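Listed here are the chains, written in short residue letters.
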Amino acid sequence: MKLITAIIKPGKFDEVKTALRNAGVKGMTVSEVSGVGRQGGHVEVYRGAEYPIDLIQKVRLEILAEDKEVDALIDVIVKTASTGSIGDGKVWTTSVENVVRVRTGEKGETAI
Amino acid sequence: MKLITAIIKPGKFDEVKTALRNAGVKGMTVSEVSGVGRQGGHVEVYRGAEYPIDLIQKVRLEILAEDKEVDALIDVIVKTASTGSIGDGKVWTTSVENVVRVRTGEKGETAI
Amino acid sequence: MKLITAIIKPGKFDEVKTALRNAGVKGMTVSEVSGVGRQGGHVEVYRGAEYPIDLIQKVRLEILAEDKEVDALIDVIVKTASTGSIGDGKVWTTSVENVVRVRTGEKGETAI
Amino acid sequence: MDQVVLSAGDTAWVLASSALVLLMTPGLAFFYGGMVRAKSALNMMMMSMVTIGVVSVLWVIYGFKLAFGYEANSQWYGSFSLSGLGDVVNELTNNGGVYPIPLLVFAAFQLMFAVITPALISGAIADRTKFVSWIVFVAIWVTVVYFPVAHWVFAFGNKEGDTVTGAGFLASRGVQDFAGGTAVHINAGAAALALAIVLGRRIGWQKSPMRPHSLPLVLLGAGLLWFGWFGFNAGSALGANNIAGLAFINTQVATAGALLGWILTEKMRDGHPTTLGAASGAVAGLVAITPACAFVAPWAAAVIGFIAGVICALAVGLKYKLGYDDALDVVGVHLVGGIVGSLAIGFFGSSAVNSLGLDGIFYGGGTALLGKQALGVVLVFAYSFVATLIIGYLIEKTIGFRVQSEKELIGVDQTEHAESAYELGGILKGGR
Amino acid sequence: MDQVVLSAGDTAWVLASSALVLLMTPGLAFFYGGMVRAKSALNMMMMSMVTIGVVSVLWVIYGFKLAFGYEANSQWYGSFSLSGLGDVVNELTNNGGVYPIPLLVFAAFQLMFAVITPALISGAIADRTKFVSWIVFVAIWVTVVYFPVAHWVFAFGNKEGDTVTGAGFLASRGVQDFAGGTAVHINAGAAALALAIVLGRRIGWQKSPMRPHSLPLVLLGAGLLWFGWFGFNAGSALGANNIAGLAFINTQVATAGALLGWILTEKMRDGHPTTLGAASGAVAGLVAITPACAFVAPWAAAVIGFIAGVICALAVGLKYKLGYDDALDVVGVHLVGGIVGSLAIGFFGSSAVNSLGLDGIFYGGGTALLGKQALGVVLVFAYSFVATLIIGYLIEKTIGFRVQSEKELIGVDQTEHAESAYELGGILKGGR
Amino acid sequence: MDQVVLSAGDTAWVLASSALVLLMTPGLAFFYGGMVRAKSALNMMMMSMVTIGVVSVLWVIYGFKLAFGYEANSQWYGSFSLSGLGDVVNELTNNGGVYPIPLLVFAAFQLMFAVITPALISGAIADRTKFVSWIVFVAIWVTVVYFPVAHWVFAFGNKEGDTVTGAGFLASRGVQDFAGGTAVHINAGAAALALAIVLGRRIGWQKSPMRPHSLPLVLLGAGLLWFGWFGFNAGSALGANNIAGLAFINTQVATAGALLGWILTEKMRDGHPTTLGAASGAVAGLVAITPACAFVAPWAAAVIGFIAGVICALAVGLKYKLGYDDALDVVGVHLVGGIVGSLAIGFFGSSAVNSLGLDGIFYGGGTALLGKQALGVVLVFAYSFVATLIIGYLIEKTIGFRVQSEKELIGVDQTEHAESAYELGGILKGGR
Ligand SMILES: Nc1ncnc2c1ncn2[C@@H]1O[C@H](COP(=O)(O)OP(=O)(O)O)[C@@H](O)[C@H]1O
Ligand SMILES: Nc1ncnc2c1ncn2[C@@H]1O[C@H](COP(=O)(O)OP(=O)(O)O)[C@@H](O)[C@H]1O
Ligand SMILES: Nc1ncnc2c1ncn2[C@@H]1O[C@H](COP(=O)(O)OP(=O)(O)O)[C@@H](O)[C@H]1O
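Chains as they are written, first to last, in our numbering: chain A, 1 to 112; chain B, 1 to 112; chain C, 1 to 112; chain D, 1 to 432; chain E, 1 to 432; chain F, 1 to 432.
Derived contacts from chain A toward chain B, CB cut-off under 7 Å, selection only:
| no. | residue |
| --- | --- |
| 1 | Met28 |
| 2 | Glu97 |
| 3 | Asn98 |
| 4 | Val100 |
For the record, the hints were derived by calculation from the structure and aren't laboratory data. These numbers come from a predicted model, not from an experiment. Yeah, the Cβ is synthetic: ideal placement off N, Cα and C, and Gly gets one too.
So that you can see chain A by itself, here it is in the shape it has in the complex:
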C-alpha cells in the first residue's frame, strides 16, 4: 500500500476531491498548510510598515491507496490540480507498511 501526499492550491481542492471520488477513492485526509517555493508571496502594509508574506496557503491531501491504483490517482490529481502557473504544488508517494481501520480493526488493503 502507498500513501499519496499532494500539495495543491486551495481553489482547486473541490475539483480534485470530486475527481478522486469519481476515480473510486473512498476517503482521504485533508489539512491546511502553508507553502514556500518558487511562487512569490505578497506584501501587506500596516501603518506604512511592509510585511512580506512568503507563505502561501495550500491544501495537503493524504490518500492511502492500493499499489495498483497509485499511478492512476496521481494522474488524476496532476491533471485536475494543474493550472499551469507556478505554485500548483507537488505530489509524492511513500510506502506504507500497514493500515488498520479503527472501527473494525481490519488490517491491510481492506482497511483503506
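Based on the hints, put chains B, C, D, E and F with the ligands in the right spot on chain A.
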C-alpha cells in the same frame, strides 16, 4: 524505527493520549485535519441556501516508535479510539530511516 | 529521494527557513501542529478552574530532498533550530518513491 | 394629572436609557457567547436574541398590564387584560405618582428589563438546551414569574385622585430595590439554579476542559453591559435629576471596585489576575449596585462593589462543591451579587443622599431596613426557584428540555441551528 | 422664530440620536463584514467606513443645502450653494415649522442618514468591487440621488413669516414616511439591485459555498444596528415627546416580531431557526417599521414586523430565481422591507395615535392613503434604480467598477487593501 | 447659586455623554487589542480595563478634589482632601460659573476623562509590560500628572459670591482646549513617549513582523471610540445647547476628513488605502478636533481633520527613524494629533461661532491666540514627559516595569494572566 500515523475522532483524543502515555509513549505530534470518507457530513443553511459540509473534523497523531513497540501501540490506539461507528479513522505505519533530536543532535532510537 | 520532516519551535521558524534557503532548498511545506513530549505545558485558569495545557505549539516542516542533500539539510535544521532547552523538536526522514510537479507533470528529482 | 407636564429633559434621558438597556441583551449574548466553546456559541447567543423577540411581543399583548396594571388592585399582579398601548400615546407615566415622561416611554423602559431578566438565566444551561424548549420556557416564565414579581417590586401603583391602587407587595412594604436587585438578579439567579438542576450536568463536566472560546468577545459583552447599565440604573430615576446623577456615579465606582476585588482575589488565590475575572468582576459589581445605587453614598458604592467582587469570585467555585452545572455562573454572579447588594442597603443605606431612602445600620438606622431587605431577598428567591423548578420539569417531561447526548457532543450550533460560528480557515473549516 | 426657544431636553435627545445613528454605519460594517468570506471582510467594512468620510465632507460643503435648502423654492432639490454651517450656529431648526433644537443638531442628525444610505448599498456588491470606484460612486450617488430624494421626502420647507418655501414633492403630497422607508431603504435597495446588475455575478456564485465567515460579527452588527435605530426612528420626532415614545416602542416590538417571523419561516422551510435568520429578521423589522413607526399602534407594529420578517425571509431566495447576485440581500431586506413598511401605513395608519397621521384601510380611512404610499414607493424606486444604473455603467465603462477575476479569487482584502483581517495562528497565517 | 436651577435637558445630555465617554475605554481596549499579536491581546485590553477600576476608585477617594477642588485656591491643583461626593448630591456644578447640572453628573463626566487618559498611554508599551507594575503606574500617574494637569486646563474655579477661586493656570490664561487636546491627548502622548523609552524596544522589533491579529477588532474599537467621542466633545459643553451642536458636527466632519486624509496618504505612499489606516485616521481626526471642536466653523473642522490625517499618517513612521518602540503609535496619533488640533485653533479660531472663543490668524485675530496655544502645548508636554520619565524609571528600578524576555517571547497573556484570547479550533488550540 517507524512512524505511526493515526486519524481519530476529536472526542477520543484525550483518551488516546492518556492511553498512549500509559503505554510508555513519551511524545507525539498532533494536528487538526479534516476527513473525507464513508462517514456522512452535515448540512448548514444560510438564508435558505444549503451548504453541504462533507469534511469532518479529525485529529491526526504522529508517533515515532521503535520497531518492537509498534504493534502494541497500534493496538492501544485502535482499542481506545474505536466507538464502533463509521468514521472512527485509520492508523498506518511507515518506515523511518533516521530520527534526530534537535536539542542534542542524538540520532536513532535514543532520539525518540 | 527523501522526505525530511522536522518539528521545531515556532520562534525558530524564521531562522530555519532562511538557513534552508541559504542551503539551497527551493521549497517546503509548513504546518502548525501541537506537540506532546518531555517539555511541560502550562496552566490556564478560568474563574478559578485550572486547565492544564499540555499541548505545545510547534511548526512542522516537510522538505522533499535529493538523497545526497539529506544529511547536510538535517544538520542545518538541527543547528539552527536548537536552543538547548527541552522541546526543541525532532527531525526524521522517510524514503519517497516518487515526486511529481503538478504544474508540469515532471517526475523524480527534477520535480523537487 | 393636574400640574405635571411632560418634561423633554426627563423624557430624553429615559429614552436614551431605554436604548441603553436594550443594548444590554446583545451585550449579554456576547458576554455569554464568548464564554462557551466555539461549537455552541451561536446557540448561547440565540437564547438571548430570541428572548428579546418573545418578551417584546408578549409585553405589547398583555405583559405590560400584567406587571404594571392597577385595575385588579392586587399586590400580586397588575391586571389580566390587553396592554392597549395604542390608546395611551398621550398619557404620562403614573406609578405611585405622576412622572413627567410619556407612559409609552416608561413601558419601553420596563420592557427592556423584562427582556434581559430571562436572558440572564440562559447562561446556566449553556451547551445542552433545546432551542424550541427555551422559547417555550421564556414565554411561560415571564408570564408566571417575571411579570408578577416585577409588579411586587416595581409597581408603586396608579394614583387616581387621592388614592393609590395596585401597588406591589414588596414595593408597598418598603423593600428598597432601586433598579432590580431582587426582581431582576435574584429572580434570574434563582431560576438559573433551578434550571441547572433540571437540565443536569453537561457531558464531561469537570473532566474535559470547557474554556471560553473567545475572551475578546466576553470583554465586548462586559463593555456593552457596563455601558448599558448606566441606563438600567440611572434611568430608573425616570428623569435626569440628582438621583440619576447619584445612581450614575455609584454604578461606575461600584463596578470599578468589584473589578479590582475580583482580580485581587484571583491574584491571591490562583496567582494571576485574569481577563475573565475582570469582566466577571465588573458584572458582579453592576449587579450588586443595582438595588443600592440610589440609596448609598459613592464611597459606600465602591465598598459594596469591592465586597461583591470578592464574594462572587469565591462563590463561583461553589458549584463544583455542590455539584450543579451552572455553566456560566449565573448563580455565583447574579444570585449572590444580587443578595450582596440588596442586603448592603441595610448597612450602607443613607437618607442623607436620598430623601426617599432610609438609614441603614452604619447610619444609625438600626436593623429594621436590613430585615425588610432580607424579606425581599427570601421571597423573590423562594418564589422564583420553586416556580422555575416546576416549569422546568413540566417542559422536560413533555417536549424535553435537553438535547440528546449525541447532539450535545457534536455541538448545539450545528444540531439546533445548522450553522457554525466561524469559518476563518476559509478553505476547509466548515467549507467544502 | 418668535416664540420657539431652544429646548435643552429636545436637543439632548436629538444629539443622542445623532450619535446613535452614526453608530449604525460601523454596525452595518460588522453586519455585512461578518457575512462575507474572510478574504473580503475588510473590503466590505471599508466600503462603509469610507462612506462616512466622503458623505460627511460633502455634506458640510454643499450636501446639507442641496437636501434641505429652501432658497431655490424647488420641490426637487434644496439649493445649489455652500452649506455655510458656520454661519448658523445660533439658529433653530426650521423645516415646515420651527423646532426648538439648533439647526446644527438637525444638520448632524440628517447627515447620519445621508451616510448610512449609500453604505447600505455596498452589501450587494461584496467581494468584487474596486475600492476607488466605490468612493467615486458614493460621491456621485449621494449628490445625484440621495440629496435630492431626501429633499423630496424629508424637506418640509422653511417657514418665512406666513409662507413655507422649498418643501419636497413627496413631503408636500402627504406621502407618509416618518424616518426613511422610501428615502433610505427603498432608495438603497433599488440602487443595490441596479449595482448587482452592473457588476454581475461573483465567480463561483451558486457553485462554491460563500458562507458567513463570522456570525458573532454579524450579530454584533445587528445588535448595534438595533440599538442605533432607536435614534434613527425615535430621533426623527426631533424631540423627546409622545411621538418619540411611540416611535421608540414601535421600533422595539416590530423588530421583535420580525425576528420571530423570520426564524419561524426558517424553521418551517429549512428545519432550523438560524442565527443569521434572527439577525436578518431583526434588520428586516427595523427597516419595515422605519416609515411607519410614528403612525401606527404598537400592536400593529408587532404585526407589521412579523409580516416583514416572513416576507423578507422568503424574498431573499428570489435572487437565485432571477439570477442577480445581490450578495448580502440588500434587495430582499431593504427594498422589500421598505416596501412592506411603506404600504403597511396604508392599512394600519391611525390618526388616533398621531394627530399628524391619517387613518388607513383598517381604521376606516379608505384606500387614499395607500395610494399615496404606493406613489412614494414607485417614484423613489424608479428614480433610484434608473439613476444608479446609469451612474454604475458610467463608472464601469470609464474607470471600471469590478476587480479583475484573478484579484477576486485571491480576495479583495489583499489586492485592494494589502491586508488580511485575521492573524490568529500567529506563527504562520499571514505571518512571516 | 441663586437663579440657576437644574435643567433636566442639560443633565440628560451630560448623563448620556458620560456613558458615551465610559464606553470609549473598552473601545480603546478593542482598538489596541486588535492591533497586537494574538499572544498579548488580553494583556493589552486588561491594561485599559484595570485603569477604569483604579482611576474610578481613586477619583471617589481624592481624585475629584485634587483636580476640581478650589479650597486650596491654587492654580496647580485643586485641594488635598477627600472627594466627599456623598455630601453634594443636591448641589449644582460650579466651575467658573454655575451650570444647571448636578455636581455628581459633572464629577462622573470628568471621571471618564481621567480614566481614558492613562489608558491611552498603554498602547506604547504593548507586549512587554508587567501587569502589576502597570497598575502601580496608573495610580501614581493620575495622582501626580493627570489630576493636576486637569486642574490646569479644565478647572475654571468655584464661584463664591462675586469672586472665583481655584482656577487652573492654563484655563485662567485663556489657553483654549475645549475637550482635552492638551490635558488628555498631549498629556498621554508625552507620557507614552517617556514610557516607550523607559521600557525599551520589544524583542524582534523591526525584524520579525508584528502585525495586527484582528482588524475587525481594531475597527470595532475605532467605531466605539467615534461614537463615544460625541460625548467627549459635545458633552464638554455641559449642556444640550448650540455649542454642543457645533462641537457635535465638527467632531463628525473632522473625523471624516482625517479618515480620508490618512488613506489618501497611504494610497499615494504605499499604494493601498488600508483598514488600519482608516481606523487610525478616524482616531487622529477625533484627537485633533478635541481641543478645537467648539471654536471653529464646520468647514474648518473638516480641514483640520484632513491635515491631522495626513500629518499623523506621516508621523507614525518617525519611531523607526528615531528608534523608540511606541508599539501602537500613541505618539504619532495622540501627541501629534493633539498638537495639530491645539495649534489649529490659533489659525482657525472664530469668535463668530462661539462668543467665548477668539479669532485666530485666518480670522484677523493675529498670532496672540497661537502663542497661548503653543504655551499650553509646551507646558503640558514638558511636565508630562519629565514626570512620566521619573515615575517610569522609579518603577523600573524598584519592582520592574518590563517582563523577562522569556515571558515576552511566550506572550504576556499566558505569563501575566494565565489565559489565551481564543480557542477556536476547539480540539487542540489551548485545549487539552
Ligand atoms: N522541496 C519541497 N518540499 C516540500 N514541499 C515543497 C517543496 N517545494 C515545493 N513544495 C510545495 O509545493 C508548493 C508549490 O511549489 P512552487 O515551487 O511554488 O511551485 P511549482 O511546484 O509549481 O514549481 C509549495 O508552496 C510548497 O507547499
Ligand atoms: N483512503 C484514505 N486515505 C487517507 N485517509 C483516509 C482514507 N479513508 C479514510 N480516511 C480517513 O479516515 C477517516 C474515517 O474514514 P471513514 O471512511 O469515514 O470511516 P471508517 O474508517 O470508520 O470506515 C476519514 O475521515 C479520513 O480522515
Ligand atoms: N515520539 C514522538 N513522535 C512524534 N513526535 C514527537 C515524539 N516525541 C516528541 N515529539 C515532538 O517533538 C517535540 C519536542 O519533544 P520533547 O520531548 O518535548 O523535547 P525534546 O525533543 O527536546 O526532548 C514534541 O512537542 C513533539 O511535537
